[in-house]
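Enquirer: Just need the whole structure built from these sequences, with the hints factored in.
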Amino acid sequence: MRAGGAAHATRDIAAEVLRSWIVVLAVPMGPITVFEITQLGWQACFRMGLVIQVLVFGSFVVNRLPSNRLLMTLPQTRQQAEATIWAIGFALPVLFVAVVLGSAAAWFGWHGRRIWPALPMTLDAAGLQGIFVIAWSFWPDASGRIGWSGWTRRTATCLSGALYVAGMVLVVMAEFLPRHDASGALALAMAAGLPAALFVCVRRDILLKRHMAPAKGAATAPGRARGWLAFMPVLLPWIFINVVGAVLVPAALILSKKGLADLHPIMMMAPFMVSYTAPMFLMRGLRVIRLLPISATTVAIVLMAAVAIGPCATCLYLAAAAGGTALTYASWIMPAAVLSLFFMPIALRFELLWLIAVLNVVLVVSFPLGPGGFSHGALPRLPLAGDLVACVAAAAVCFYWLRWEIAGARGIQLRAGVSQ
Amino acid sequence: MQNAVDVRDVVRRQGRFQLGPLSLTIPAGCIFGLIGPNGAGKTTLLDLICGVGRAQSGTITVMGMDIARDEVAIKQRIAYAGPETSYLPWGRVGRLIDFVSGFYPDWDDVKCESLLEAFGLQRSQFIPALSFGGASKLGLVLALSRDPHLIVLDEPTTGLDPVARRVLYAELLNRMQRPNRTILIATHILADLERFADRIALIHQGSVRLAGDMATISERYVQIDVALAAGADAPVVPGLTLLAHLGARARYLGDREALAPGWESTLAGEIVERKALALEELYLALESTPPVRELAA
Numbered sequence: 001m002r003a004g005g006a007a008h009a010t011r012d013i014a015a016e017v018l019r020s021w022i023v024v025l026a027v028p029m030g031p032i033t034v035f036e037i038t039q040l041g042w043q044a045c046f047r048m049g050l051v052i053q054v055l056v057f058g059s060f061v062v063n064r065l066p067s068n069r070l071l072m073t074l075p076q077t078r079q080q081a082e083a084t085i086w087a088i089g090f091a092l093p094v095l096f097v098a099v100v101l102g103s104a105a106a107w108f109g110w111h112g113r114r115i116w117p118a119l120p121m122t123l124d125a126a127g128l129q130g131i132f133v134i135a136w137s138f139w140p141d142a143s144g145r146i147g148w149s150g151w152t153r154r155t156a157t158c159l160s161g162a163l164y165v166a167g168m169v170l171v172v173m174a175e176f177l178p179r180h181d182a183s184g185a186l187a188l189a190m191a192a193g194l195p196a197a198l199f200v201c202v203r204r205d206i207l208l209k210r211h212m213a214p215a216k217g218a219a220t221a222p223g224r225a226r227g228w229l230a231f232m233p234v235l236l237p238w239i240f241i242n243v244v245g246a247v248l249v250p251a252a253l254i255l256s257k258k259g260l261a262d263l264h265p266i267m268m269m270a271p272f273m274v275s276y277t278a279p280m281f282l283m284r285g286l287r288v289i290r291l292l293p294i295s296a297t298t299v300a301i302v303l304m305a306a307v308a309i310g311p312c313a314t315c316l317y318l319a320a321a322a323g324g325t326a327l328t329y330a331s332w333i334m335p336a337a338v339l340s341l342f343f344m345p346i347a348l349r350f351e352l353l354w355l356i357a358v359l360n361v362v363l364v365v366s367f368p369l370g371p372g373g374f375s376h377g378a379l380p381r382l383p384l385a386g387d388l389v390a391c392v393a394a395a396a397v398c399f400y401w402l403r404w405e406i407a408g409a410r411g412i413q414l415r416a417g418v419s420q
Numbered sequence: 421m422q423n424a425v426d427v428r429d430v431v432r433r434q435g436r437f438q439l440g441p442l443s444l445t446i447p448a449g450c451i452f453g454l455i456g457p458n459g460a461g462k463t464t465l466l467d468l469i470c471g472v473g474r475a476q477s478g479t480i481t482v483m484g485m486d487i488a489r490d491e492v493a494i495k496q497r498i499a500y501a502g503p504e505t506s507y508l509p510w511g512r513v514g515r516l517i518d519f520v521s522g523f524y525p526d527w528d529d530v531k532c533e534s535l536l537e538a539f540g541l542q543r544s545q546f547i548p549a550l551s552f553g554g555a556s557k558l559g560l561v562l563a564l565s566r567d568p569h570l571i572v573l574d575e576p577t578t579g580l581d582p583v584a585r586r587v588l589y590a591e592l593l594n595r596m597q598r599p600n601r602t603i604l605i606a607t608h609i610l611a612d613l614e615r616f617a618d619r620i621a622l623i624h625q626g627s628v629r630l631a632g633d634m635a636t637i638s639e640r641y642v643q644i645d646v647a648l649a650a651g652a653d654a655p656v657v658p659g660l661t662l663l664a665h666l667g668a669r670a671r672y673l674g675d676r677e678a679l680a681p682g683w684e685s686t687l688a689g690e691i692v693e694r695k696a697l698a699l700e701e702l703y704l705a706l707e708s709t710p711p712v713r714e715l716a717a
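Chains as they are written, first to last, in the numbering used here: chain A, 1 to 420; chain B, 421 to 717.
Derived contacts from chain A toward chain B, CB cut-off under 8 Å, selection only:
{"id": "1", "residue": "291"}
{"id": "2", "residue": "292"}
{"id": "3", "residue": "294"}
Here are the computed distance ranges between Cβ atoms for each label pair:
{"id": "4", "chain 1": "A", "residue 1": "297", "chain 2": "B", "residue 2": "700", "range": "40 to 46 Å"}
{"id": "5", "chain 1": "A", "residue 1": "297", "chain 2": "B", "residue 2": "616", "range": "33 to 39 Å"}
{"id": "6", "chain 1": "A", "residue 1": "297", "chain 2": "B", "residue 2": "525", "range": "16 to 22 Å"}
Think of the hints as simulated: they come from the structure by calculation, not from any bench. Predicted model, so just to flag it, every value in this text is computed and none were measured. Note that beta-carbon positions come from the ideal geometry of N, C-alpha and C, so glycine has one too.
Expert: Right, here's the structure in full:
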């Protein structure tokens, strides 16, 4: 083996990690800024930002996991290769989360706040990170091979599951149960519901099987109408899950008389996390979809719909949580839709993510520009005109940009589809 | 007869790579082979023809329709299979087929089942568990379970075993029995093209280097071995491309269209052999520049 070979591999791996970290730092700045300027408070900002960071980081990490096969073929032992994958995919994010949350706990303590809530958050975040990574390790790489195998996956699965469950139990015990209100039960339901929801997403055929498949020979208009139906098995589970979430989370908030800032990030992010998989699914199969006899406009609409499901549900949560008018909180739909795009870098190139980041910054800046700004309350109360203008502009930008991408003016290059 | 595909002055830039300006005509009713080195732009060109991506300039018409204006109508008449396509999100073979089939009114379930059987696939199979060749077969099943006017195949035999390749070409030849059906294949298996293709185009660095029907191309080029006079350099003759030179022997690729009458007299040597080239030999001759100066002993 050439000495340079191992050094080169190490350098490449280090570069991958570095790139992921850059994104971790750069991308969540938008949502964090939103929470800062909307005066939701540092804690909410921190929680939301943290989860976003973890998820974005996880996405980028798992985006690298397809190179498992490459790593395995490098001139190193299988143990070294697995250790590398472990380090990139699991240990580093956990370490990152632990360090950040440790610092945050110290910060809270310094300011006389409760320190220990950081612990369950740490555990949850670490566990979720692990679950995401592991879940993706079950996806095959471009050549169709499964990523991890053997003890690596089993150990990581057990550890992540244990972290997640421990964190969730601690949260429920500490923040809900002592108050003896109904929200404890709902929180438990959510804790149990999330894995169930994820399971449903993965095995959506259990719910829908072929019932939604377009009927052969049906008297529908050729092509498009049947095509729209064909997308429903993809979209319906996410709609279902988010509607359920849109009832559970506000109910928990209302019953427990808690504010948005007290909302546990897991609950807040649950619809995002679940919805994440819808556009991800579509984007991974985008080449197939682009070859279908449907226009780029149709694909863009479907993609936007998939992307918007989670944020729409989140808007309902926020509206219920703060008791504001629906229209006020509708102003969150498009920014939230854009935010949710953060969660689909799996299949996309870096440029796409950066473009989203820029869009996000534009949206963040557009908020305070609206007449009235956000002066009071837990959520910004923007006058409708400003909201609508911002929403329509953001929607138009997103739509035309997506259409532009899908039509191929720039050309989305999928992980398994980079070609010349 | 209307052309199946008309590509006119198309330019498509992707980073440092630029396809074109490129013009190419693919007549209807033929098997058209697209060959060229890796990275030449074959897949990009196929993508543009299929409406996956847009050219920055130029026009592409498919069966008389503009790809930019009649994208959906064109896609209904095209079938595509290529190695770049990922079917993983659909999980199982049957679910993918159910999804895709709904978009095509001319989808033939019976044909689909027979193709699945011929390629040894089952609807219940888990797509991620398919071999590389299995995934290629799945793409072919999706493409051939209809009756498209234009079948676009990007390296369709990659990963296929010899039996599956035979099934594929038998199926393609069967398709050609129907009127106005066209098949466009990009492949590196030149022996297959030599047997089946009516016309070919060689793409090189984003441009068409050579295009025409197989018979004309075969007639146009010839390999010429020359025994040189003692101490003489390999002569430079318009229409002759030096392929190799070792001692007193030189091997040329002769282009009959470019050779002037009486060119033999300008050679400082004697022609010892003229040989018609197989497609693969011609490809190697055209692509192997600069010439090999030393022949293997």
